[in-house]
Each structure stands twice: as C-alpha cells, then as structure tokens.
Amino acid sequence: MGPNRRYVRYVAPVMAAALVLSLAACGSSTSGTGSSQSTLDQIISRGTIRVGTILSLPPFGMKDASGNPQGFDVDIANDIAQALSVKLEVVDTTAADRIPNLTTSKVDLIVADFTRTAERAKSISFTDPYIAAGYNLLVKKGSGINGVADLTGKTVAVPKGTTEDVAITAANPQAKIARFDTTAACILAVKQGQADAMVEDSNVLLYQAKLDPTLEVSKESVLPVEYNGFGLRRGDPDWQSWLNLFLFNEITSGRETQLYEKWFGQAPLFPLNPQY
Amino acid sequence: MLFDWSSVTRYLDLIEQGLFLTIQISVVAFSGAFALGLVGALARRSRLLPLRLIAATYVEVLRNTPCMLQIFVVYFALPSFGLKFDNVVAGEIALALNVGAYMTEVFRAGIQSISSGQIEAAASLGLSGTQIFRHVVFPQAIQNIYPPLINMVTITILGSSLLTAIAVPELLGSALVIQSRTFRTIEIFAVVTGIYFVLTFGTSTLMNLLGRRLFPARARL
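So the sequence lines, in the order shown, correspond to chains H and V. Mapping of the first sequence onto my numbering: position 105 corresponds to residue 105, and the numbering continues sequentially without gaps. Mapping of the second sequence onto my numbering: position 78 corresponds to residue 78, and the numbering continues sequentially without gaps.
If you are wondering where the hints come from, they were derived from the structure by calculation, not from laboratory data. Computed from a predicted structure; not experimentally measured. Be aware that a few hints might be false.
Stated by the list, open to error - Distance condition first, Cα-Cα at most 35 Å in a straight line; then the derived DSBU-like pairs of lysine-lysine: (1) Lys191/H - Lys63/H; (2) Lys140/H - Lys210/H; (3) Lys84/V - Lys141/H; (4) Lys84/V - Lys140/H; (5) Lys219/H - Lys176/H; (6) Lys84/V - Lys191/H; (7) Lys210/H - Lys84/V; (8) Lys219/H - Lys84/V; (9) Lys63/H - Lys84/V; (10) Lys210/H - Lys191/H; (11) Lys154/H - Lys84/V; (12) Lys84/V - Lys176/H.
What the hints assert, rightly or not - Beyond 12 Å from chain V on every Cβ pair, some chain H residues (computed): (13) Met15; (14) Asn68; (15) Asn78; (16) Lys210; (17) Asn249; (18) Lys262.
Ideal placement from N, C-alpha and C gives every residue a C-beta, glycine not left out.
Go ahead and model the full structure; you've got the sequences and the hints to work with.
Next up, the structure:
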C-alpha cells in the first residue's frame, strides 16, 4: 500500500512527462530519416546539401592538388547549391555505393554519372537526364581491339556496380571480366597490361585518351547510348520536380554545354534537348 | 523491414565460386608464408651479415606497410619492371610475402625459445647441425609456436578478402558484385559474414584438435 502510493504520486508523473517529452522531441527532430518532410525542405532548413559524387572518375569527379573536389559533377552540384542558397558538402562515393549511400540517408542527392535503369529505379528515383553517354573501350594503342567481338578471350576491366559491368557480361560471354572498385583502377590495369581493355562512359574515355598518348578509344560504341540523371530517394515528388526544373533551366540556358566544354574540351557528344 | 533472401539464393553459384577461390588462395598463400617464415627465421639467425640484413629488411618493410598497398604494388607496379602476374597469382604472392614476414618473427621466437641445453646435448651425442635442427629444434619449435601459427592461418584467410581490390572474384568480391546488382545489402552481407565465420572458426578449431593429436604433452598443460 505504501510503495504503491509513493509510486503513483512521484515516479509515475515523472515517467509520463519523460515519455511525452521524448515523443515531442521525436516529432520535431530534423534528422530526416522516416520523417515525411521533403528532402527539399530538410536541405533548406539545414542550410547544407550533401551530394554524393564519385571523386575517382575524372573529369566528372576528382580531387585537385590540395585534395578539394572538382569536376563536371562537382560544378553541377555547386550550381544546385547556389540555386537553393545553401552550402555544398561533397561526399565521395564509389559506383557500387551510390544507392546504399542514398537509401541510408548519408547523402541527399547523387550526382555521379548515374545511368537511369529500370532495375535501379526499383530502389531509388531518377531525375531527367543531365548528360548522355555512349560506351567505348579504352585500349592500348595498336592492340587491334575495336569492338565487343574482339574481346573474346581477352580481359576486360569494369568498375563494380556500373551498367557496363552488367552489359559487357551479356554482350560477350567469352570475355574475361575483371571487376575493380574504381574506374581509376581499371585504367591503371590497362596501362600496366593487366587488362586488355576497359569499358567506360565515352565522355570519361575522351578525357583519359587525351591525358595518356599510349591509350586510345575504340571507334565502335559497345553499348547503346545511356541517359544519366541525378539519383534521389523514392517517394519525394517535391524534390524531384524541383530538380527537374533546375535541370531544364541548366540545359536550356546553355550552362550545361558550357560546363561540358570546360571539362571535356569539346561540344557534348550527345546533346540534350529538353522539351515540354 | 522486408528481407529478400531470393536475392542471395539467385547468386549461390557465384558465392560458391568465391568460397572455393578464397580457400585456394588461403592455402597457397599460407604455404608460401610458412616456407618464407622458416627461411627468413634461419636467415635472421645466420652467422652471415648479408643474410641477416636481407631478412631483417624484408621483415621490417613488410610488417610496417599496409597489406593492401603491398597487393597494389605486386599487381599494378611490378609490371613496370617486367614482372606481370595475373590477379590471383599476384594476390597470393603479396599475401604470402606479408604473412611470411610475420611468420619469420613467429618462427624466430619459437626457435630461440629452445633451450641451449637441448642443442648442447644433441651436439654431444654427435649430431650434425642440420640433424640437430631437423630432429631436435624444429619439432619443439613447431610445438611452441602452434597457437600463433593458427592465428596466422586465420589472418591469411581473412586477409584474402583484401584481394577484391585487384578484381579477384573471391568471397568478399563476389558479395560486393551481388550487392551492386541487387542493392540488397543486409541479406548478402549477413550470409557472407556467416560463411567467413564458419570457415575461419572451423579451420582454427580443426587445427586446435589436430594440435592436441600431434602434441599430446602440450595439450595436457
């Protein structure tokens, strides 16, 4: 009788208050995961946007001499941050980690030469395209490899978790596939003769062939043209429509072409023409 | 939270291939490390200064640089000097060299721990240096270092997972490929963690039991 009364009088109200306070705190938490607020609002209230980019994929993403991120994707991310009036935080990722980083809310957006595929769209959402790419082979000069058929019995390096990884396996089952973690490792493998060829976005290969005269890009495109967009979490229509509007402006104003020429040294290989 | 275990069962053959490759790499690399360790330990205790210097340099360099860096050097850098290995062989070499450096120190400790009384007694019985080593020192040294030896085997098996960085399709590499295709992180990583645990724990348990068979006196201590 005694302990019961003491409990009801003093302990229970304190516990009830604690419970109510913690529920209130949960409701107003701005952590983002599980909250029904759009990512767009979260970014604006936080004042920072976290963008996942592959910093081992020159010239889309790379590090300058002081280790700061730079590249085509980084410039686009900067334009997004400016349009939102927030600060940009670039998060380095690998091709295979793009989706996990997004689904675990480590980043708000993926701007990383991300190809739109139906398989990926089951887990995340894509915006409209921001760049289009063919896929060519990077080989040593004079290797005689011009297309997918020449890869029979040869070693092809691809980065893990990319569309070329899946596509090359299907395109030539007689080729030996070597799956590396980064594009840079694939290129090094070709340079050192550990692989006979590597497959990558034709935009990237243009840049690489310019840097190293011992390498050349095959004439034949090995895979159909792919359209790359931004990646974002599913179920966020506000964020998606803002990004699509941003992209429309970016492309029609000529800014996207300007950035492309800055990083790839020529007009876009596959120009985009958004219409409404 | 819905788990889609079919994402793993669809790729069972890939996991199986990865497992066999992991086992193959571990066996080859550890055999190499064992041989290197023995030779290295003898070289370090040799009367000849050049041998001692070479062995000491080998041990210190390989123990004080990251294993993954060594793997990259063997696979990516050596071709510039004309030594080109395919990725599995390069990985086995790098792993054998790395674990061999640690094995050198393990063997050295084991050999040094044999009391000089044993060696003097053997010498007074008329045994030659080689015979002393083969019949007196080595068997006792192996008994002494058996627990750290099992440890090194574990390190080799788990170290084989580093080879995914040079595109070797061993167990972890296969798991990462499956994860990148299905985007199902938890399921595939749970399965592969379980496989690694069973493989490594099973191996060390078997080796412990084997040790009790081979060295009965030690077991009773």
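For each hint, the structure was consulted:
no., hint, in the structure
1, Lys191/H - Lys63/H, "holds (21 Å)"
2, Lys140/H - Lys210/H, "holds (13 Å)"
3, Lys84/V - Lys141/H, "holds (19 Å)"
4, Lys84/V - Lys140/H, "holds (16 Å)"
5, Lys219/H - Lys176/H, "holds (21 Å)"
6, Lys84/V - Lys191/H, "holds (12 Å)"
7, Lys210/H - Lys84/V, "holds (26 Å)"
8, Lys219/H - Lys84/V, "holds (28 Å)"
9, Lys63/H - Lys84/V, "holds (29 Å)"
10, Lys210/H - Lys191/H, "holds (14 Å)"
11, Lys154/H - Lys84/V, "holds (16 Å)"
12, Lys84/V - Lys176/H, "holds (17 Å)"
13, Met15, "holds (29 Å)"
14, Asn68, "holds (24 Å)"
15, Asn78, "holds (28 Å)"
16, Lys210, "holds (22 Å)"
17, Asn249, "holds (31 Å)"
18, Lys262, "holds (31 Å)"
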